[in-house]
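If you're matching positions, the sequence shown starts at 1 in this note's numbering and goes up one per residue.
I should point out that these hints are in silico values taken from the structure, not numbers from a laboratory. Glycine included, every Cβ here is placed at the ideal spot set by N, Cα and C. Please note that a few of the clues may not be correct.
Subject to a maximum C-alpha distance of 25 Å in a straight line, what follows is the list of computed BS3-like cross-link-like pairs (lysine-lysine) [unchecked claim]:
1) 127 - 139
2) 127 - 169
3) 147 - 169
4) 218 - 265
5) 113 - 181
6) 419 - 406
7) 218 - 290
8) 169 - 113
9) 169 - 181
10) 290 - 309
11) 113 - 265
Simulated DEER-style distance windows between Cβ atoms [said to hold, decoys possible]:
12) 334 - 142: 47 to 57 Å
13) 157 - 393: 46 to 56 Å
14) 366 - 52: 14 to 24 Å
15) 292 - 173: 44 to 54 Å
16) 400 - 367: 50 to 60 Å
17) 391 - 214: 38 to 48 Å
18) 388 - 296: 24 to 34 Å
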Amino acid sequence: MAAKKPTKLHIEASELLCKNGCGFYGNQLWQGYCSLCYREECQRAKVAQQEQDSKKMMKKQAEDADKASLFSKFAEKKTQHINKRAHTLKSMFKKTPTKESVPEPRAKRQVNKETQQIKADLMDYLKQFKRPTAEDFVKIVQELVDKLYQNADAPVEDLTDLVQDFYIKLGKRMDSHSLYKDLSSEDIDTLLDYAEKYITVKMYTSLFCPATCDDEQKDLQMQTQIRSLHWVTGQQLDTMINEHETEVRTLVDQAITEIIEVNSKKAPQDKLSCIVRCSKHIFEIIRQSKEGPACADDFLPALIYTVLKANPPLLQSNIQFITRFSCPSRLMKGEAGYIFTNLCCAVQFIENITHESLALTQHEFDRYMSGEAIPPQSGNEYMCEGLRLMYDNLKTLAELRQRQEKVMAEALQLQQEMKDFKENFKQEVQNVLIRMPLTIKPRKMKVNLDDDSESLDLLPSPLLPLTVDNVGMDTRNTRVRLFH
């Protein structure tokens with residue numbers, strides 16, 4: 001049965017905003033609220049729950065008091081007597097503590113190189129401020145770190161409240177306290193950024209995927225779901241991606257690399273930077289595939305397709321970590337907030353995907369999910385990496401062959417042009433020789449006036465030379481010619 005054309009995934013801009021109407025970006029993990037509204041909602045629910053629990057406790061205590069019997073004191077004394085006797089017997093057989101049985105002291109705080117580098121950068125940045133300002137900032141940050149160490153085993157919700165309250169209090173302090181009155185808004189943003197990075201990197205092992213939550217289980221479920229959806233194509237998601245183009249395929253690989261790189265970062269802003277770079281590659285993919293500007297409606301399907309192709313490690317844990325411990329303003333507005341909200345929507349779509357999402361029948365969807373069948377192939381979407389690489393290499397070889405044939409044709413043409421030039425040159429030389437033949441003139445002879453020559457007799461009388469004999473200088477007679 002032919003699949004119907006899928007309905008284009010579309011999310012209105014208003015759907016990305018907080019449902020409380022505050023104007024900031026909402027989040028599915030915050031039940032559609034922004035971070036501030038979600039905290040207020042949780043606080044109201046927490047107060048109501050505490051009041052309800054208090055009423056139940058008071059009612060239970062009253063009921064227990066009414067049920068107290070006359071034998072309560074006797075039972076208490078009897079219990080004390082039994083406990084005292086048992087304690088005496090245990091003390092008799094108590095072992096002397098050995099070196100092995102003495103509990104080891106609590107491990108020292110581990111300091112990694114990344115934390116040391118961030119601390120060094122922070123200290124260098126604080127040098128431009130007055131000493132009291134720098135000391136106050138360091139003191140506040142260190143107090144939070146100490147609290148997090150003391151509450152390392154607390155529920156993740158409590159750790160989240162500690163960090164988020166810290167961001168709010170620190171922001172208010174820097175806006176109102178006299179120590180920070182000389183700081184510009186850029187300086188305040190930079191200090192908040194340093195505080196966020198230092199705290200999250202230093203406490204990363206305690207804050208990321210803690211044992212008190214089910215993030216790890218969600219990660220496994222997400223990876224299993226994405227593996228089951230390996231057959232989903234860009235065409236089924238109604239994307240504009242054309243992977244047959246080498247440039248587009250390269251951009252897809254770069255986008256996949258960036259979103260996988262998220263798990264290697266520790267600070268929330270570094271993780272968000274990877275997500276932003278991934279989205280920029282996706283927008284460029286759309287632009288090259290459709291040969292026109294990319295729009296927001298094309299972004300979400302392409303982002304879903306990228307996540308399915310990448311299957312990023314610990315995706316849910318990274319999203320939860322960013323949501324819990326990132327500075328609130330970072331996710332409520334701006335480019336990073338918009339893209340992160342879209343990523344959360346993409347993850348929710350993958351979690352809740354159905355046959356209707358891909359315009360398939362329930363029977364087709366179940367068969368594809370179980371691996372009993374695969375959709376009709378429309379190109380090289382289903383090829384394994386090795387087969388795809390082979391076809392890419394064949395395409396490259398074909399291009400090289402065309403280039404070689406072009407070079408050979410140009411070489412033959414150049415050779416023929418050289419032959420024609422030689423013939424034309426010879427013909428031109430021949431024409432010049434015919435038009436201007438070479439005439440050889442007699443060689444000019446040097447004339448010696450003292451030599452005898454018949455031509456001397458033809459000279460006029462003033463120039464006619466006389467011949468005289470020179471006697472005395474040489475035994476030989478020397479004739480000298482004189483002109484008279």
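Now for the hints, and whether the structure bears them out:
1. 127 - 139: Judged against 25 Å, a Cα distance of about 15 Å means the pair holds.
2. 127 - 169: The given pair, whose Cα atoms are some 23 Å apart, holds under the 25 Å limit.
3. 147 - 169: holds, 15 Å
4. 218 - 265: holds, 20 Å
5. 113 - 181: violated, 33 Å
6. 419 - 406: holds, 20 Å
7. 218 - 290: Between residue 218 and residue 290 the Cα gap is close to 35 Å, so the pair fails against 25 Å, i.e. violated.
8. 169 - 113: violated, 29 Å
9. 169 - 181: holds, 16 Å
10. 290 - 309: Roughly 20 Å separates the two Cα atoms, so the pair holds.
11. 113 - 265: Holds, at roughly 14 Å.
12. 334 - 142: 47 to 57 Å: violated, 29 Å
13. 157 - 393: 46 to 56 Å: holds, 53 Å
14. 366 - 52: 14 to 24 Å: Check failed, 44 Å falls outside 14 to 24 Å.
15. 292 - 173: 44 to 54 Å: With a Cβ separation near 49 Å, residue 292 and residue 173 satisfy 44 to 54 Å, so the hint holds.
16. 400 - 367: 50 to 60 Å: With Cβ atoms ~42 Å apart, the hint is violated.
17. 391 - 214: 38 to 48 Å: Check passed, 42 Å falls within 38 to 48 Å.
18. 388 - 296: 24 to 34 Å: holds, 30 Å
In summary, the numbered hints that this structure violates are 5, 7, 8, 12, 14 and 16.
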